[in-house]
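Kindly produce the complete structure, drawing on both the sequences and the hints.
Read top to bottom, the protein sequences are chains R and A.
According to my numbering, the first sequence is numbered sequentially starting from 34.
According to my numbering, the second sequence is numbered sequentially starting from 9.
Don't read these hints as lab results, they were simulated from the structure.
Beta carbons are placed, not taken as given, at the ideal position from N, Cα and C, and that holds for glycine.
Take these hints with a grain of salt, some might be off.
Here are some, though not all, of the chain A residues that point toward chain R, as calculated from beta-carbon distances under 8 Å [as the list claims (entries may be wrong)]: (1) Trp68; (2) Ser69; (3) Gln110; (4) His112; (5) Arg113; (6) Arg217; (7) Gly237; (8) Val326; (9) Ile327; (10) Asp329; (11) Arg330; (12) Ala443; (13) Ile444; (14) Glu445.
Here are some chain R residues the structure puts well away from chain A; computed CB gaps all over 12 Å [said to hold, decoys possible]: (15) Gln37; (16) Ile39; (17) Thr45; (18) Thr48; (19) Leu51; (20) Ser53; (21) Lys54.
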Amino acid sequence: MSPQTIPLSDLTVGTHALISKMGDDPHLCYLRCIGFCPGAHVELIRSVSGGALSVYRVDDADVALRQATAALISVRMEG
Amino acid sequence: MPGFRTVAIIGPPNVGKSTVFNRLTGLRQKVGNYSGVTVEQHEGQIKGTRTKLLDLPGVWSLEGDESDLTSEDQCIAVRALRGEIEGQPKPEAVLLVLDATQLHRQMTLARQVIAHHLPTLVVVNMTDVLAAREGFLDPLSLAQTLNSPVAMVSAGTGSGMDAIRRFVGVKTASAKSPLLPVMQPRVQQRQIGCPRSMSEIENQGLYRRPLPSEWSRRIDRVALHPVFGPALFFIVTLAVFQTIFRVAAPASNLFQKFLTALGVWFGAFIPPGVMHSLVIDGLWTGVVSVLTFLPQILLLFLVIALLEDSGYMARAAVIADRTMSRFGLSGRSFLPLLSAYACAVPAIMATRTIASRRDRLTTILVAPFMTCSARLPLYTMVIAAFIPDRPVVGQFLGLRACAMMGLYAIGMVAALITSWLLHLSLLRKDDSAFAIELPEFRLPLVHSLAINLLDRARIFVSRVGGIILVTSLVVWMLANFPVHHGQLSPIDQSYLGSIGNAMEPALRPLGLDRSVGVALLTAFAARETVVSTLGTLYHTPQVGLALRGSIGLAGALSLLVFFALAMQCTSTLATVKRETNSWRWPLFQLVYMSAVAYSMAWITFNLSLWFLQR
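This is the structure in structure tokens:
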């Protein structure tokens, strides 16, 4: 992973990022369908259940992901 | 225009496809504010036509082979659209339902559907929500972009539905109205300069995304808060059980008195003897003892429908995911498990939305532990008979509500432990991914709630008039036959007495008598029949009082635990067989759950005896 990119799971609440790469895990197919695509803007809205899950906003929709799932997605921080 | 013979409704999950289907057919397909409410295709006939309408499960993509599609319900949708389902004709036309507030996310699917070259009407639903949140769409630009006609509708309120009827070839009263929100029948050719994507439509000012629902986000701050979220979840659950006793129980008692009086009045017209015993002691007593619980059942379904339609269920799944993941389940299993509170059969079918086969199988195997509504009559009756109506937390929470919640908790804990054991043994797996969309909160429609409750009442009453009536008849016959010298047998010498005697050695360690044993046996026909069978055997609709005289508190607690954990539903076993395509899993479930139920009931009985004798 290049220094500019971090896993989605490392975002802090309130920060925005651009999705740079999606992993190959077949479970991510569903996420691609609902807007988690390279180039899409993503924002971490809140952490839930002691950080076990996080709610991200992509394309005006709120989606909850497990940390392990979010770690499969790479993002580039936005200014 | 002759109209199409078969039309399919397709679209992403949770965009209102079933509401459109219900509006067009007059049927009452279940709807809800979360993804995956429709898990199999449903058929109906469009009112006033011979056109068959197929309601398909929600899909996000039509591309790829079946192994690429995320879950079984999506495979069903794709195969139906391709005409690959045996005995099902290929649709001649498509209603592509999209959510007006989320159009930009749904264009990929829209293009894939239109690429099938079937006549397609793009139904842009929830236009009322779009307008209310200051969004805007120029339908002509969307029609030009997709090269298909567009209808702007609100299936919830029914506005714009005539446009769909015109598309499928139904004459409508307002067919010539220039105000109909439907575009020209077919956009023949893409015009130069017309937009190619939603981004272009947006950039040209022809689509304005709706403002975010601020109050929905405010509710989420509480519903998903690390502390307030679980607390709210707990309070909602508690309130449900308390309401069942505080609100529904008095209504239930009144209803029982009315039905009993009706039986006495009707019985006066039947001369004493075999016929009187059959009609009043057998059939009427059995039916009344179950029908009495209609208020509780309806209240439970009202609360579940309120939570589903409002959008809270998806938040509850998020709150529950952390706990469920520790036991090898994902939050995706939560919604099917929650719907098992109503009935395990649709819950097991709802597991089709779970992509992971192991997660799905685990959910299927543990779903029958969840307390279905058919267990409610016995729970309510035994608790009311044995547990004092004592406050625990002021007037807000009573001991009976706590006992009821405890029974629901027993089922949930048994499901979690079983899942954990499966995770460690037969269905070992890595942690699976979990992602769930959180729909905007919305006010449930009174119309939709009323339909839901009417349907539930109809199903419950038809079960009482069907399987429960027949079981009451069979139980009465077994309890009174053979006939000696024209006289009915006393229970000790009846067929049922013989069956009860054979079962007694197995029942004694649980503190149960043979009447209860026979009643538990009839539960395999339908769980509610336990109460009606006891009513028939004890010759009274006030089964609780009769039980107090026969099994005592320790036996009652043992009965509750056994009933909470036992697999006593043939419909569920048949559904598991169908969904797993094997007898192996339903047989495993039957043996495992029976063993767990018997052992836990034995432990409960002996612990209760020990406490009571101290």
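Going through the hints against the structure:
| no. | hint | result |
| --- | --- | --- |
| 1 | Trp68 | 3 Å, holds |
| 2 | Ser69 | 5 Å, holds |
| 3 | Gln110 | 7 Å, holds |
| 4 | His112 | 6 Å, holds |
| 5 | Arg113 | 5 Å, holds |
| 6 | Arg217 | 6 Å, holds |
| 7 | Gly237 | 7 Å, holds |
| 8 | Val326 | 5 Å, holds |
| 9 | Ile327 | 7 Å, holds |
| 10 | Asp329 | 6 Å, holds |
| 11 | Arg330 | 4 Å, holds |
| 12 | Ala443 | 5 Å, holds |
| 13 | Ile444 | 5 Å, holds |
| 14 | Glu445 | 5 Å, holds |
| 15 | Gln37 | 25 Å, holds |
| 16 | Ile39 | 19 Å, holds |
| 17 | Thr45 | 16 Å, holds |
| 18 | Thr48 | 17 Å, holds |
| 19 | Leu51 | 16 Å, holds |
| 20 | Ser53 | 19 Å, holds |
| 21 | Lys54 | 16 Å, holds |
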